[in-house]
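Chains as they are written, first to last, in our numbering: chain A, 1 to 281; chain B, 282 to 396.
Think of the hints as simulated: they come from the structure by calculation, not from any bench. Treat the hints with care, as some may be off.
[To be verified] Below, simulated DSSO-like cross-link-like pairs (lysine-lysine); rule was C-alpha separation at most 30 Å, straight line:
1) K254(A) <-> K284(B)
2) K394(B) <-> K366(B)
3) K366(B) <-> K108(A)
4) K254(A) <-> K185(A)
5) K395(B) <-> K192(A)
6) K392(B) <-> K366(B)
7) K388(B) <-> K284(B)
8) K11(A) <-> K185(A)
9) K11(A) <-> K172(A)
10) K327(B) <-> K392(B)
11) K108(A) <-> K121(A)
12) K185(A) <-> K284(B)
13) K192(A) <-> K327(B)
14) K192(A) <-> K172(A)
15) K366(B) <-> K284(B)
16) K192(A) <-> K366(B)
17) K395(B) <-> K284(B)
18) K366(B) <-> K388(B)
19) K254(A) <-> K327(B)
20) K192(A) <-> K254(A)
21) K128(A) <-> K388(B)
22) K172(A) <-> K185(A)
23) K11(A) <-> K395(B)
24) K11(A) <-> K254(A)
25) K254(A) <-> K394(B)
26) K392(B) <-> K192(A)
27) K254(A) <-> K388(B)
28) K121(A) <-> K134(A)
29) K327(B) <-> K185(A)
30) K392(B) <-> K185(A)
31) K395(B) <-> K366(B)
32) K394(B) <-> K327(B)
33) K327(B) <-> K366(B)
[What the hints assert, rightly or not] Which chain A residues face chain B? A few, computed with CB under 7 Å, are given here:
34) F148
35) P237
36) T271
37) F273
38) S274
39) E276
Only a predicted model underlies this, so the values are computations on that prediction, with no experimental measurement involved. We treat Cβ as the ideally placed atom computed from N, Cα and C, and that holds for glycine.
Letter by letter, the chains look like this.
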Amino acid sequence: MEALEGENDSKIEISVVGNGNRFEDGVCLVFDIESIRRLRRLGITGILTGTLPSAAQQNVFLTVPLRLMAEEAVWLVENGFAVLVSDREALEMGVSDLTASDWDEMDKQQEALFEEQRRFKREQHFEKLRAVGKTVANVDANLESSLFVETRNESSVIQRQRYDFDTPELQKRLVDQLLHSETLKSNYLVYKALRAQGYCVSPGSRFGGRYIAYPGDPLRYHSHLTVPPALRYRDEPLDLLQLVGGGRLGTGVKKLWVLGGVDDESDEGVTFFSVEWAGFG
Amino acid sequence: MVKMDNSGLIRLVSTNLAFEQLWDNVRETQLTNLNCWILTGRPAHKLSNDDDDICDEWVLPVELLQYRCGRLTLEILDTVFHSVKSERITLAIVSDDGTIVYYFIYKGLHKPKKN
Numbered sequence: 001m002e003a004l005e006g007e008n009d010s011k012i013e014i015s016v017v018g019n020g021n022r023f024e025d026g027v028c029l030v031f032d033i034e035s036i037r038r039l040r041r042l043g044i045t046g047i048l049t050g051t052l053p054s055a056a057q058q059n060v061f062l063t064v065p066l067r068l069m070a071e072e073a074v075w076l077v078e079n080g081f082a083v084l085v086s087d088r089e090a091l092e093m094g095v096s097d098l099t100a101s102d103w104d105e106m107d108k109q110q111e112a113l114f115e116e117q118r119r120f121k122r123e124q125h126f127e128k129l130r131a132v133g134k135t136v137a138n139v140d141a142n143l144e145s146s147l148f149v150e151t152r153n154e155s156s157v158i159q160r161q162r163y164d165f166d167t168p169e170l171q172k173r174l175v176d177q178l179l180h181s182e183t184l185k186s187n188y189l190v191y192k193a194l195r196a197q198g199y200c201v202s203p204g205s206r207f208g209g210r211y212i213a214y215p216g217d218p219l220r221y222h223s224h225l226t227v228p229p230a231l232r233y234r235d236e237p238l239d240l241l242q243l244v245g246g247g248r249l250g251t252g253v254k255k256l257w258v259l260g261g262v263d264d265e266s267d268e269g270v271t272f273f274s275v276e277w278a279g280f281g
Numbered sequence: 282m283v284k285m286d287n288s289g290l291i292r293l294v295s296t297n298l299a300f301e302q303l304w305d306n307v308r309e310t311q312l313t314n315l316n317c318w319i320l321t322g323r324p325a326h327k328l329s330n331d332d333d334d335i336c337d338e339w340v341l342p343v344e345l346l347q348y349r350c351g352r353l354t355l356e357i358l359d360t361v362f363h364s365v366k367s368e369r370i371t372l373a374i375v376s377d378d379g380t381i382v383y384y385f386i387y388k389g390l391h392k393p394k395k396n
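With the rest of the complex left out, here is chain A (with noise of 0.2 Å):
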């Protein structure tokens, strides 16, 4: 679990991409392939998503992003060992001391882009006439192939390193908007102690519950838990009828249906109970 010694210890980068306008709801990805190698080796999976533009519809071979779990994302930012980079607050920054003469300059980069290329392509133009033995006659503003230019990928007013996203207050912030609500906060902890207990935790909708455990590399051992989302310990009751489903197709995977109970009111941290079917009735 421990980062391999001589590795790169630079903070791994998590784009937080909002989803549409609900930021809350952010997708946490990791686009460099040596930080998905790292990740990997602290325990954390995450799930390949991308495909080919061409043929979004192939889903075997998947590719870089990789997507996390905002779980996954706040654990790795607690421990320091990755730094959450969200382009929307790069751009409440990058904005926030943009004065009007600021937007007329950038216009006008702009524009003397575009132009710099359309001279590019009348004279290219000119050049294949002059080829071909016809003479220039008047010159026409509007050629063709000068309709079309090309736009810079990048945006000039999100110049990310410009700033810094690793300050505690940052990352604090965005954070707070990855586990905005109770119900996460508490499935944050009990994500936490299963770590903190060696497991491996992945997504747990395929046997029903918010997470799978596994007691070191997916790739090297069955899962042993299912985990539900947290209870409170003190006044939420079990659902008795998810219990058995979950248990009896636990059982049947020979998994573990772990309920963690959460109590605000102690720091004992998180309470665990494993169910099993006991093999009658």
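The hints should help you fit chain B onto chain A, whose structure is shown.
Here is chain B on its own, set in the frame of chain A:
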């Protein structure tokens, strides 16, 4: 302290244990701090391959309600574990159609049983 009254289920579950599951020595005990009843008994055969031998089991009857939540919370489970001082308790989940299903509960994270 939270209470969980399960006195209405005791007879059904103890009858089921004694005459359908063929357990020996099925007895009921009251946990006064919770105002609830718990059964002990000895199964006819070993319940888990992880057990060395047949041993006495603790069975907590609870009611499965379809349209209302029950009363069983993790705090109650904890209290029961504390009272009986056993590695596991068996939950006897009684449905309103008379079906009883039995589930082991272990305190903490446990390993899945060997088959």
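How the hints compare with the structure:
For the suggested pair K254(A) and K284(B), the alpha carbons sit about 34 Å apart, so the restraint of at most 30 Å is broken. With a C-alpha separation of about 21 Å, the suggested pair K394(B) and K366(B) falls inside the 30 Å cut-off, and the hint holds. Restraint check for K366(B) and K108(A): the C-alpha separation of about 78 Å exceeds 30 Å, so the hint is violated. Annotation: proposed proximity of K254(A) to K185(A) holds, straight-line Cα distance about 29 Å (limit 30 Å).
Annotation: proposed proximity of K395(B) to K192(A) holds, straight-line Cα distance about 27 Å (limit 30 Å). The hinted pair formed by K392(B) and K366(B) meets the criterion: a straight-line CA distance of about 19 Å does not exceed 30 Å. The hinted pair formed by K388(B) and K284(B) meets the criterion: a straight-line CA distance of about 20 Å does not exceed 30 Å. For the hint pairing K11(A) with K185(A), the CA-to-CA distance comes to about 24 Å; that is within 30 Å, so the pair holds.
For the proposed pair K11(A) and K172(A), the alpha carbon gap of about 16 Å is at most 30 Å, so the pair holds. A threshold of 30 Å between alpha carbons decides the hint, and for K327(B) with K392(B) the separation of about 18 Å falls inside it, so the pair holds. About 20 Å separates the Cα atoms of K108(A) and K121(A), which keeps this hinted pair within 30 Å; it holds. Restraint check for K185(A) and K284(B): the C-alpha separation of about 28 Å stays at or below 30 Å, so the hint holds.
For a cut-off of 30 Å, the pair hint linking K192(A) to K327(B) is broken: about 36 Å separates their Cα positions. Proposed proximity of K192(A) and K172(A) is supported: the alpha carbons are some 17 Å apart, at most 30 Å. The suggested pairing of K366(B) with K284(B) holds, with an alpha-carbon distance near 19 Å, which does not exceed 30 Å. The suggested pairing of K192(A) with K366(B) holds, with an alpha-carbon distance near 28 Å, which does not exceed 30 Å.
Taken as a hint, the K395(B) and K284(B) pair is broken in the structure, with Cα atoms around 35 Å apart against an allowance of 30 Å. Between K366(B) and K388(B) the alpha-carbon distance is near 11 Å, which keeps this suggested pair within the 30 Å criterion. With a C-alpha separation of about 19 Å, the suggested pair K254(A) and K327(B) falls inside the 30 Å cut-off, and the hint holds. The straight-line distance between the Cα atoms of K192(A) and K254(A) is roughly 23 Å, inside the 30 Å bound, and the hint therefore holds.
Of the pairs offered as hints, the one joining K128(A) and K388(B) is violated, with about 82 Å between alpha carbons and a cut-off of 30 Å exceeded. The hinted pair formed by K172(A) and K185(A) meets the criterion: a straight-line CA distance of about 13 Å does not exceed 30 Å. A hinted pair counts as satisfied when its Cα atoms are at most 30 Å apart, and K11(A) with K395(B) does not qualify at roughly 41 Å. For the hint linking K11(A) to K254(A), the alpha-carbon distance of about 37 Å lies beyond 30 Å, and the restraint is violated.
About 7 Å separates the Cα atoms of K254(A) and K394(B), which keeps this hinted pair within 30 Å; it holds. The straight-line distance between the Cα atoms of K392(B) and K192(A) is roughly 19 Å, inside the 30 Å bound, and the hint therefore holds. Among the hinted pairs, K254(A) with K388(B) is consistent with the structure: their alpha-carbon atoms are about 18 Å apart, no more than 30 Å. Proximity of K121(A) to K134(A) is assessed by CA-CA distance (about 17 Å); at most 30 Å being required, the pair is judged to hold.
For the proposed pair K327(B) and K185(A), the alpha carbon gap of about 41 Å is over 30 Å, so the pair is violated. Of the pairs offered as hints, the one joining K392(B) and K185(A) holds, with about 26 Å between alpha carbons and a cut-off of 30 Å not exceeded. Between K395(B) and K366(B) the CA atoms are separated by roughly 24 Å; this keeps the pair inside 30 Å, and the hint holds. About 13 Å separates the Cα atoms of K394(B) and K327(B), which keeps this hinted pair within 30 Å; it holds.
The straight-line distance between the Cα atoms of K327(B) and K366(B) is roughly 20 Å, inside the 30 Å bound, and the hint therefore holds. Violation of the interface hint for F148(A) is found here, the shortest Cβ-Cβ separation to chain B being roughly 61 Å, above the 7 Å cut-off. A cut of 7 Å between beta carbons decides the hint on P237(A): the least distance to chain B is about 4 Å, and the hint holds. Checking T271(A) against chain B by beta carbon gives a least distance of about 6 Å; that is within 7 Å, so the hint holds.
For F273(A), the shortest C-beta to C-beta distance to chain B is roughly 5 Å, which falls under 7 Å, so the interface hint holds. The closest approach between the C-beta of S274(A) and any C-beta of chain B is roughly 4 Å, which is under the 7 Å cut-off, so the hint is satisfied. With its C-beta approaching chain B no nearer than about 5 Å, E276(A) sits inside the 7 Å limit, and its interface hint holds.
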